[in-house]
Amino acid sequence: MKDFMRIVSYADDKKPLLAQAVALLTLSVLFSVVPFFLVGTVLSGFLDTKAPELWWLLCMAGGMLACLMLKNFLEGAGLDASHRLAYHTLAGMRRRIADKMLKMSLGDIQAYGKEAVKKNFCENIEEMELILAHAIPEGIANLLTFVIVMVAMFFVDWRMALAGMAPIALGLVPTALMMIDGFKRMGSWYAASEAMNKRIIEYVSGMEVIKVFGQQDRSFRKYREAVERYRDETLAWYKAAFIHMTSYNVVLTAALLVMLPVGIGLYLGGAIALDTLVLSLLLGMAMGVPAIRLISFVPLFPQLKYKASKIEGMFAQPDMPQGNKPKPQSHDVAFDNVTFAYHDSDVIKNISLVLPENSITALVGESGAGKSTLAKLIMRYWDVREGAVKIGGIDVREIAPATLMGTISYVSQDDFLFDVSVKENIRYGKPTATDAEIVAAATAAQCDGFIQKMDNGYDTVVGVSGEKLSGGQRQRLCIARALLKDAPVVILDEATSFADPENEDKIQEALSRIVAGKTVVIVAHRLSTIVDADNIVLLEGGRAVALGRHEELLARSPLYQRLWQAHRESMDWDIGGDNNA
Amino acid sequence: MLKFIARILRFAGADAGKLKLSALISFFEGLVQNVPIIVAWLIFVKITDQTLAEPDIAMAFLVILASLVLRWVLRYAFVRLQSDGAARVGGRERIRIGDLFKRFPMSYFTEGNIGNVTSVITGDLSFAEDYGMTKLEDVITGLVSLFIACAFMLWVDWRTALASVIGCVLAMLALQAVEKVTKRHAPVRQEEAARLTGAVLEYTEGISVIKALNMAGAAAKRISTAIDDNRRRAIDFEQGMLRPINRYLDCYALTIAAVLFLSFWQYFNGEMSLAVVVMVALFVFRVYAPAMGLVSGTAMMRIMEAGLDRYERLRQVPIIDADGKNKTLESFDVVFDDVTFSYGDSETLKQVSFTAKERSMTALVGASGSGKTTIANLIVRFWDAQEGSVKVGGVDVREMTCDSLLRYTSMVFQHVYLFNDTIENNIRFGSPDATHEEIVDAAQKARCHNFIEALPDGYQTMVGEGGSTLSGGEKQRVSIARAILKDAPIVLLDEATASVDPDNERHIQAAINELVRDKTLIVIAHRLSTIRRADQILVVDEGRIVERGTHDDLVALCGAYRKLWERRQKAKSWRIAHKGSV
Numbered sequence: 001m002k003d004f005m006r007i008v009s010y011a012d013d014k015k016p017l018l019a020q021a022v023a024l025l026t027l028s029v030l031f032s033v034v035p036f037f038l039v040g041t042v043l044s045g046f047l048d049t050k051a052p053e054l055w056w057l058l059c060m061a062g063g064m065l066a067c068l069m070l071k072n073f074l075e076g077a078g079l080d081a082s083h084r085l086a087y088h089t090l091a092g093m094r095r096r097i098a099d100k101m102l103k104m105s106l107g108d109i110q111a112y113g114k115e116a117v118k119k120n121f122c123e124n125i126e127e128m129e130l131i132l133a134h135a136i137p138e139g140i141a142n143l144l145t146f147v148i149v150m151v152a153m154f155f156v157d158w159r160m161a162l163a164g165m166a167p168i169a170l171g172l173v174p175t176a177l178m179m180i181d182g183f184k185r186m187g188s189w190y191a192a193s194e195a196m197n198k199r200i201i202e203y204v205s206g207m208e209v210i211k212v213f214g215q216q217d218r219s220f221r222k223y224r225e226a227v228e229r230y231r232d233e234t235l236a237w238y239k240a241a242f243i244h245m246t247s248y249n250v251v252l253t254a255a256l257l258v259m260l261p262v263g264i265g266l267y268l269g270g271a272i273a274l275d276t277l278v279l280s281l282l283l284g285m286a287m288g289v290p291a292i293r294l295i296s297f298v299p300l301f302p303q304l305k306y307k308a309s310k311i312e313g314m315f316a317q318p319d320m321p322q323g324n325k326p327k328p329q330s331h332d333v334a335f336d337n338v339t340f341a342y343h344d345s346d347v348i349k350n351i352s353l354v355l356p357e358n359s360i361t362a363l364v365g366e367s368g369a370g371k372s373t374l375a376k377l378i379m380r381y382w383d384v385r386e387g388a389v390k391i392g393g394i395d396v397r398e399i400a401p402a403t404l405m406g407t408i409s410y411v412s413q414d415d416f417l418f419d420v421s422v423k424e425n426i427r428y429g430k431p432t433a434t435d436a437e438i439v440a441a442a443t444a445a446q447c448d449g450f451i452q453k454m455d456n457g458y459d460t461v462v463g464v465s466g467e468k469l470s471g472g473q474r475q476r477l478c479i480a481r482a483l484l485k486d487a488p489v490v491i492l493d494e495a496t497s498f499a500d501p502e503n504e505d506k507i508q509e510a511l512s513r514i515v516a517g518k519t520v521v522i523v524a525h526r527l528s529t530i531v532d533a534d535n536i537v538l539l540e541g542g543r544a545v546a547l548g549r550h551e552e553l554l555a556r557s558p559l560y561q562r563l564w565q566a567h568r569e570s571m572d573w574d575i576g577g578d579n580n581a
Numbered sequence: 001m002l003k004f005i006a007r008i009l010r011f012a013g014a015d016a017g018k019l020k021l022s023a024l025i026s027f028f029e030g031l032v033q034n035v036p037i038i039v040a041w042l043i044f045v046k047i048t049d050q051t052l053a054e055p056d057i058a059m060a061f062l063v064i065l066a067s068l069v070l071r072w073v074l075r076y077a078f079v080r081l082q083s084d085g086a087a088r089v090g091g092r093e094r095i096r097i098g099d100l101f102k103r104f105p106m107s108y109f110t111e112g113n114i115g116n117v118t119s120v121i122t123g124d125l126s127f128a129e130d131y132g133m134t135k136l137e138d139v140i141t142g143l144v145s146l147f148i149a150c151a152f153m154l155w156v157d158w159r160t161a162l163a164s165v166i167g168c169v170l171a172m173l174a175l176q177a178v179e180k181v182t183k184r185h186a187p188v189r190q191e192e193a194a195r196l197t198g199a200v201l202e203y204t205e206g207i208s209v210i211k212a213l214n215m216a217g218a219a220a221k222r223i224s225t226a227i228d229d230n231r232r233r234a235i236d237f238e239q240g241m242l243r244p245i246n247r248y249l250d251c252y253a254l255t256i257a258a259v260l261f262l263s264f265w266q267y268f269n270g271e272m273s274l275a276v277v278v279m280v281a282l283f284v285f286r287v288y289a290p291a292m293g294l295v296s297g298t299a300m301m302r303i304m305e306a307g308l309d310r311y312e313r314l315r316q317v318p319i320i321d322a323d324g325k326n327k328t329l330e331s332f333d334v335v336f337d338d339v340t341f342s343y344g345d346s347e348t349l350k351q352v353s354f355t356a357k358e359r360s361m362t363a364l365v366g367a368s369g370s371g372k373t374t375i376a377n378l379i380v381r382f383w384d385a386q387e388g389s390v391k392v393g394g395v396d397v398r399e400m401t402c403d404s405l406l407r408y409t410s411m412v413f414q415h416v417y418l419f420n421d422t423i424e425n426n427i428r429f430g431s432p433d434a435t436h437e438e439i440v441d442a443a444q445k446a447r448c449h450n451f452i453e454a455l456p457d458g459y460q461t462m463v464g465e466g467g468s469t470l471s472g473g474e475k476q477r478v479s480i481a482r483a484i485l486k487d488a489p490i491v492l493l494d495e496a497t498a499s500v501d502p503d504n505e506r507h508i509q510a511a512i513n514e515l516v517r518d519k520t521l522i523v524i525a526h527r528l529s530t531i532r533r534a535d536q537i538l539v540v541d542e543g544r545i546v547e548r549g550t551h552d553d554l555v556a557l558c559g560a561y562r563k564l565w566e567r568r569q570k571a572k573s574w575r576i577a578h579k580g581s582v
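In order, the protein sequence lines correspond to chains A and B. First residue of the first sequence: 1, per this note's numbering; consecutive thereafter. First residue of the second sequence: 1, per this note's numbering; consecutive thereafter.
Honestly, I wouldn't trust all of these hints.
Unchecked claim - Covered stretches of chain B, as calculated for chain A (at least 3 residues, CB under 8 Å):
(1) 45–57
(2) 214–224
(3) 255–266
(4) 270–281
To be verified - Pair by pair, the computed Cβ-Cβ distance ranges are:
(5) 455(A) <-> 541(B): 20 to 30 Å
(6) 13(A) <-> 218(B): 37 to 47 Å
(7) 180(B) <-> 297(A): 27 to 37 Å
(8) 310(B) <-> 225(A): 18 to 28 Å
Said to hold, decoys possible - Negatives, chain B to chain A, calculated, CB over 12 Å:
(9) 176
(10) 323
(11) 413
Hints listed in this document are in silico derivations from the structure and should not be mistaken for laboratory results. Here the structure is a predicted model, which is why all the values come from computation and not from measurement. Just so it is clear, CB atoms sit at the ideal spot from N, CA and C, and this is done for glycine as well.
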């Protein structure tokens, strides 16, 4: 119940809907019980010496109809309130996830996993929807029915009430057995289910490879085994549960088994009136169905808790601390004794560097040397463990995040476009930009040509993630956006390993425009592109091991010589050539 | 409702008989369920006759107990027949579709389709498996209860029976109205769900850009609009259902009140005994409960039907090589003879003819979208040419099954898929009978032996979900080792493969050179410098081969290739600097 209340609290200001729902459903149950009493009244009227009149019977029947219709109406209103509560709760959780992503650092989001975030947003919440929006409202209704009918029974005749309780108590035995068995089996069943789903995904995603290597039969055998194991696991569980399920289904609706004999006994002993007897039986028979339905809701509570905890695990991730210092006045970037680790082992070790304004600094090194990590520390993708990264002398952690982001343009190979028009995508770089400025940026980034050729020119919508464009076109649009943003610090991360080799020259042209007059950091793989850089930082194992211009490094650093040599070779690669050449 | 039953029966296939039997059992169980009420009636007859006595206590108890035992047996049989069936049918269908996948065309397994297919087998099928039978049970017991209600009333008195029948008919009409609302809302909701997923995708994929461009406000608004729209639609749907559902339930309220009034009235007129009135009262409040429950399942049934529709569409994917035969090839030259091919409306290849001789290298060059990848895909029957023919070793590929054709080809493309298995087994995929030594040899050739040895468990290291523990370049090299082990005589290569991981470019290049040695090689080339050794270069433009020859021939020709070559040379010497491009 505590967990349930916590989950419902995501509905924020709609939380009072819970009280409303419970009130309406309680009323509806009360009205569903009243007709039983009316039947009792009619029967006692019949047994009375003075026979009732027809209009009175009509009134009683009319009263029943009114009560039942009122019950339907109130039940509908109650379910409506609880549905609204449920959907507001789900929407509240979704909004919390969206909000949380803005507060987390990009590094933490990456570590948490974008797939996991998407799963939280969609699948995990959708699974909760089934429980929260459908099972819970109906569960509340059934619980209330059960309780209210029971109270009414005791109110009518406590002995008959006890007799009516007997099958319910008896029915708890198979219910408990089923649940105990269920908890025991749940683990291996879930394992089989997960294993099967994994196998299915692997089978389908790997089908291309499977076909190419002619491994259909072997792979299909594995697939089949996983499917069969899940089926057998399910069947075994069902088989064990059938007996219990059958038992409680039969026992819980067997109110008359005890009530009728007890009633006869009481009646024979003159201890109960005929109308009271009938009324008790009516109430007793109304308890079974809600009891059965209630049982089906019990296992949903741990499920709800489990699913919510998966999502709430994300809320427990740390927020990125926010600074509030104003915009730096100058834009040199300084690494001041910076050490950084993702987990335990440091990936950046004691790096101190100054990147002056209006200069190009290239970060080079073998894969895993820490080039990309170092560049991303400037934009607080993560925060450093020791030391500080400063822009214009101010620690990036002390600058308000929005201000910091306004200071930096980050261009990578897989930048993202939104499913809006070309024009809007570019305008995101500078919301106040005029159309003329946008066209100018697009032209400078070598996009104007292909944009003009599109169906609606600048108003063409680019599709999900820019799917209607080629990799190179996407990249040039992102550069146009950055050009428009005109931030004083520019980071180019893998931007020169081109998504669209056929149009490499155009991307290069666009990149040349963006770096003019900026503090530029470039993570470089193709060394030939950075031979003119003002400063090259050679990284090895997280340390800056050499520093200087291309010619200087080539003269003094054996590691740089090796990298240069390897680069030259790969540029001269001939397919089908000799590897030792 | 009936359509749903038919749908589930069709899905159940061979198990449909069991389901029909279970419906019959359900009917009998419904009958037996009313035995206690009949006992109550007998007791009340005795009460009004004043013949009730002590032994009746035991009689009532024993008869009801016997009815419960019988009910237990029937119920058990019912539950078993149905739930068992669900798991069996689910398993059977998964195996059946898995078997079909083996023969689906290669072109089917694209990024987008893979997602759809897995969601159908893991999602839609499981949903039908988990809830299909419960809902079927609800429908059956609901309908049975209505039938029993009317039959029972008829046994009691024709007037109450008439009221009951009229009530049931009205209820069924009201139920149709409910279904109509569900049907109308279903596509809207689906659309809304898709829109939300789209917004979520954009938000999560774009989060770094959102932060970088200070779009927090705008992006948050976009996603929260999507979330709120989704919520509003969901609530609208539930509210739209409210009135039709109420109307449906009111039909029963009316029926119950009418039946009771008619009974009272007849007692008043002396046409019905008090015992019967009591029995009717006990009966009438309970009997409609399962039928009332019918209404809560309509939305779920709609979801299920949609899921089963998707599943059935999946099963009807045409098989490309249905007429193909398993052929053994003797030679491995590739010949395109006047091939024209299009998908959709636009023609993507026009009258393409060329011969790639055995053990020679053919390079395809052209702008992106020119058709060079399509040429490679036609060789392995991703699709079939509409006109002309593609021949491998003198045999038209359309005469071969895809499997037998693929036996002779290796493909090295940018997208790599590794299995969630050890590295050794991933490489062994290329040749299941390979020894450990052969695998190490292939790994050495593919330049992955060193990094594999450096891993904690060496060749026994598990490759994570989809190969996530290895870098892009490492995965690429493992996949090349796999292809080296397979040693197929024809190799299709996308040259961009070498550039997926610039830090490791050199290693991948070396691995590729090991793979392509002495093969019939078709390269989709981007960086022209890599194909100087090609025996022939085909320049593709808008689906046509516009130039052909060796590198030197084509440079000398001063045509399209020359222009491309010059552009590439310029790009190759580019250096980033503040002064702008060179």
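Status of each hint after checking the structure:
1. 45–57: holds (count 6)
2. 214–224: Check passed, 7 qualifying residues.
3. 255–266: It holds, with 7 qualifying residues against the three required.
4. 270–281: Three-residue rule met by the segment 270–281 of chain B, so holds; n is 4.
5. 455(A) <-> 541(B): 20 to 30 Å: Cβ of residue 455(A) to Cβ of residue 541(B): about 22 Å, so the range 20 to 30 Å holds.
6. 13(A) <-> 218(B): 37 to 47 Å: Violated - the Cβ-Cβ distance for residue 13(A) and residue 218(B), about 24 Å, lies outside 37 to 47 Å.
7. 180(B) <-> 297(A): 27 to 37 Å: At 29 Å between Cβs, range holds.
8. 310(B) <-> 225(A): 18 to 28 Å: 25 Å, holds
9. 176: About 18 Å separates residue 176(B) from the closest Cβ of chain A, which puts it past 12 Å; holds.
10. 323: Holds, since 18 Å exceeds 12 Å.
11. 413: 9 Å, violated
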